[in-house]
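In the order they appear, the protein sequences are chains A and B. Residues in the first sequence are numbered consecutively from 0, following numbering that gives the first Met the number 0. Residues in the second sequence are numbered consecutively from 0, following numbering that gives the first Met the number 0.
No lab work stands behind these hints, which were simulated from the structure alone. On a predicted model such as this, the values are computed, not experimentally measured, just so you know. For every residue, glycine included, the Cβ atom is placed at its ideal position computed from N, Cα and C. Hints may be right or wrong, so weigh each one.
[To be verified] Calculated pairs, DMTMM-like style, for lysine to aspartate or glutamate (alpha carbon to alpha carbon, straight line, at most 20 Å): (1) A:391 - B:81; (2) A:391 - B:79; (3) B:78 - B:61; (4) A:6 - B:123; (5) A:49 - A:190; (6) A:361 - A:196; (7) A:252 - A:65; (8) A:186 - A:46; (9) A:323 - B:206; (10) A:6 - B:80; (11) A:186 - A:132; (12) A:391 - B:80; (13) B:103 - A:190; (14) A:394 - B:77; (15) A:6 - B:121; (16) A:323 - B:123; (17) A:394 - B:123; (18) A:394 - B:121; (19) A:391 - B:61; (20) B:181 - B:206.
[As the list claims (entries may be wrong)] Facing chain A, a subset of chain B residues (Cβ under 7 Å, in silico): (21) 60; (22) 62; (23) 66; (24) 80; (25) 81; (26) 82; (27) 88; (28) 93; (29) 96; (30) 99; (31) 101; (32) 103; (33) 189; (34) 193.
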Amino acid sequence: MIIQILKEAWISISAYKLRTFLTMLGILIGVAAVVMMVSAGQTVQNEITKTFDSMGTNLILIGPGETVSGGVRGGRGKPTVTFDEVDALKKLKDVEAASFIVSAAAQAVYGSNNYGVSIYGTTPSYLTVGNWEIEQGQMFTEHDYKSGKPYVVIGQTIVNELFGLQNPIGKVIRLKSQPFTVIGVLKEKGDGMMGDDQDNIVLMPATTLRQRIQSYFRHNYASVVFVKAVSEDKMEIVANRVEYELRARHRLKDGVANDFTVRLMTEMVEKVRSIGFILSALLAAIASISLIVGSIGIMNMMLVSVTERTREIGTRKALGAPNKWIMFQFLAESILISFMGSFVGMIVGVIFSQIGGVIFDKDVPISIWSVIISVMVAVIVGVASGLMPALKAMKLDPIEALRYQ
Amino acid sequence: MAEIQPVIEVCDLCKTYYMAGGLSQSVLKHISFTIYPGEFVAIMGHSGSGKSTLMNILGCLDRPTSGTYQLSGENVSDKDDEALAIVRGQKIGFVFQNFNLLMKRTIADNVSLPLIYQGVGDEERRQRAVEMLKKVGLEGYEDRLPSQISGGMQQRVAIARALINNPSIIFADEPTGNLDSKTSDEIMELFAKLNEHGITIVLVTHEDDVADYAKRMIKIMDGEKAYDGLRADYKENQGA
């Protein structure tokens, strides 16, 4: 019976091709819009995750404390963690690596080329905590760090800007008029979260930076300290150990606030990702308005169809069609229209998302959510918009229906 | 000799329409008659006489207010909508004044439509439709659309559709009302031929020429049975 009803419904809707197509279009556009918005949202979330991953995983960030003046929170205070304290943090349990940066900015000069760069004074472990890899040459060693050697490891952008096609290894660049030998090149990372160029970076031993570029600094305080836990589930406990260790070293009494801040990268990732999720849900919600409009379109068309085919309904009833059959046939017609619209809409949505991905040079995932949304929409919209017309058709009096002009 | 079971047995049938404000209108008043297999009966009456209401009740599209109606020995006067739909599908064939064909469906689809509701498969439906179209002289027209054939042919299609489920009786409501006189004759001759083959036919008409094809006539006047007898006798009395 169900197959026969579906066949009859299919024949009926295919008899009015243009009308069926136009009705379908509403659902098609709605589903395509939702699929595209969900894909866009997921792409944004994936990009965020990728960016955070490129910054390092299982990371705990220690920065300056917050200033409090008269009970009012101010901005960031001065850095309070020294280079030596970072060395001590390395020895804590479940810590894979610890490093830090002190930053500066300068014009890098090589021959007649020059380029504005960010300089990170750091330790060799920075490669591990920052998820960096060496493309060419090598990283400076612990020995280079301790003795303050004028070695630099540079990012791809600087290679391109200063050296072009030349091999930069062994070449000498000048930063703040000081000569530095390029001993390594970092593997490309691409843009950071804020669209900043992560590859426009010069790494050098922090000791070298302090001696040659920032010799006016009297103390060796790290701007940001990175501690990498051995695994994600150890992050919380490592953060506690770091806090305990630093409080002890800073001789902070109970009740006195930290003069540093400890942040877990996972917390930051979750925060940003939840914003991304809310954003994509919001986009999908806006797109689903067109689904409601499409659904009203189907209901409208089915109501017109019932009125137009009143005589047909009367004839079918006179020839022995039970009321339920009539209802199911009209319901099947609206579900078929909705199903086709959703299916084609899903394909169109996926195709357009992929085209968008190509245009913006991003990997757009083909989500299982597209299929789930489409099927749900097909059933819900089909039933919701077809039920009222189908009931109307079912309730028609065969005598009145046969008389209908 | 075994007693022949009537196809239709109507006893004291009344139909009253109740309207808002407590008003009511009695359309059929205490009508009784019996129709046996193989009869060709014309129900006649002026416009508003109640003949269409009677036809609707006999065709199981409506229920009487009181009285009983037995179709092939089965009391159908108090059945619900679903049960009446089954009765219509199994025991009744309809031929309408304006054919009531589905214009977007082929002739074969139209003819086989009643079989869908009885769960007959595609192939058998098609086969039976082709056979039935042959009976009404429309062999080879199976895959055409109703709009591609004449009015007379369309009514033949409707007759084939009425016959396809081997009904106990065929109800024809003004079957020639939309046809010219020549085509009307052809259609009525087809009915006469079918009746000769033993099919029971009840015809509702107000045209004397059309009623002449029937052997028996029931005349309804103001909701009451005014005459029930041979058509020839009625004409003779009228002429006298």
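Hints versus structure:
For the hint linking residue 391 (chain A) to residue 81 (chain B), the alpha-carbon distance of about 16 Å falls within 20 Å, and the restraint holds. Under the criterion of a C-alpha separation no larger than 20 Å, the hint pairing residue 391 (chain A) with residue 79 (chain B) is consistent with the structure, at around 19 Å. Using a Cα cut-off of 20 Å, the hinted pair residue 78 (chain B) and residue 61 (chain B) holds, with the two alpha carbons roughly 10 Å apart. Proximity of residue 6 (chain A) to residue 123 (chain B) is assessed by CA-CA distance (about 16 Å); at most 20 Å being required, the pair is judged to hold.
Taking the CA atoms of residue 49 (chain A) and residue 190 (chain A), the gap is about 11 Å. The hint holds against a cut of 20 Å. Between residue 361 (chain A) and residue 196 (chain A) the CA atoms are separated by roughly 17 Å; this keeps the pair inside 20 Å, and the hint holds. Distance check on the hinted pair: residue 252 (chain A) and residue 65 (chain A) sit about 17 Å apart at the alpha-carbon level, within 20 Å; holds. Straight-line distance between C-alpha atoms of residue 186 (chain A) and residue 46 (chain A) comes to about 19 Å, which keeps the hinted pair within the 20 Å bound.
A distance of roughly 38 Å separates the Cα atoms of residue 323 (chain A) and residue 206 (chain B); the hinted pair therefore is violated under the 20 Å criterion. Proximity of residue 6 (chain A) to residue 80 (chain B) is assessed by CA-CA distance (about 24 Å); at most 20 Å being required, the pair is judged violated. Between residue 186 (chain A) and residue 132 (chain A), the direct Cα distance comes to roughly 5 Å. Compliance with the 20 Å bound is thereby established for this hinted pair. Proposed proximity of residue 391 (chain A) and residue 80 (chain B) is supported: the alpha carbons are some 16 Å apart, at most 20 Å.
Between residue 103 (chain B) and residue 190 (chain A), the direct Cα distance comes to roughly 61 Å. Violation of the 20 Å bound is thereby established for this hinted pair. For the given pair, residue 394 (chain A) sits about 19 Å from residue 77 (chain B) by alpha-carbon distance, which is consistent with the 20 Å threshold. The hinted pair formed by residue 6 (chain A) and residue 121 (chain B) meets the criterion: a straight-line CA distance of about 11 Å does not exceed 20 Å. Of the pairs offered as hints, the one joining residue 323 (chain A) and residue 123 (chain B) is violated, with about 24 Å between alpha carbons and a cut-off of 20 Å exceeded.
Restraint check for residue 394 (chain A) and residue 123 (chain B): the C-alpha separation of about 31 Å exceeds 20 Å, so the hint is violated. For the given pair, residue 394 (chain A) sits about 28 Å from residue 121 (chain B) by alpha-carbon distance, which is inconsistent with the 20 Å threshold. The hinted pair formed by residue 391 (chain A) and residue 61 (chain B) meets the criterion: a straight-line CA distance of about 19 Å does not exceed 20 Å. Proposed proximity of residue 181 (chain B) and residue 206 (chain B) is supported: the alpha carbons are some 14 Å apart, at most 20 Å.
Interface hint status for residue 60 (chain B): upheld, as the beta-carbon distance to the closest one in chain A is roughly 5 Å, under 7 Å. Checking residue 62 (chain B) against chain A by beta carbon gives a least distance of about 11 Å; that is not within 7 Å, so the hint is violated. The restraint placing residue 66 (chain B) at the interface with chain A is violated, with a minimum CB-CB distance near 19 Å, outside the 7 Å limit. Annotation: interface hint on residue 80 (chain B) holds; nearest CB of chain A at approximately 6 Å, less than 7 Å.
Interface hint at residue 81 (chain B): satisfied, since its Cβ lies 5 Å from the closest Cβ of chain A, which is below the 7 Å cut-off. For residue 82 (chain B), the interface hint is violated, the least distance from its beta-carbon to any beta-carbon of chain A being 9 Å, above 7 Å. At about 2 Å, the closest approach between the beta carbon of residue 88 (chain B) and any beta carbon in chain A falls short of 7 Å, and the interface hint on this residue holds. Against a cut-off of 7 Å between C-beta atoms, the interface hint on residue 93 (chain B) holds, since the closest Cβ of chain A lies about 5 Å away.
Restraint check, residue 96 (chain B) versus chain A: the minimum CB separation of about 10 Å is more than 7 Å; hint violated. With 7 Å as the threshold, the beta carbon of residue 99 (chain B) comes within range of chain A, its nearest partner Cβ sitting at about 4 Å, so the hint holds. For the restraint placing residue 101 (chain B) at the interface with chain A, the shortest Cβ-Cβ distance is roughly 6 Å, inside the 7 Å limit, so the hint holds. A cut of 7 Å between beta carbons decides the hint on residue 103 (chain B): the least distance to chain A is about 4 Å, and the hint holds.
Annotation: interface hint on residue 189 (chain B) violated; nearest CB of chain A at approximately 20 Å, more than 7 Å. A hinted interface residue such as residue 193 (chain B) counts as satisfied when its beta carbon comes closer than 7 Å to some beta carbon of chain A; here the least separation is about 18 Å, so the hint is violated.
The structure shown violates the earlier hints numbered 9, 10, 13, 16, 17, 18, 22, 23, 26, 29, 33, 34.
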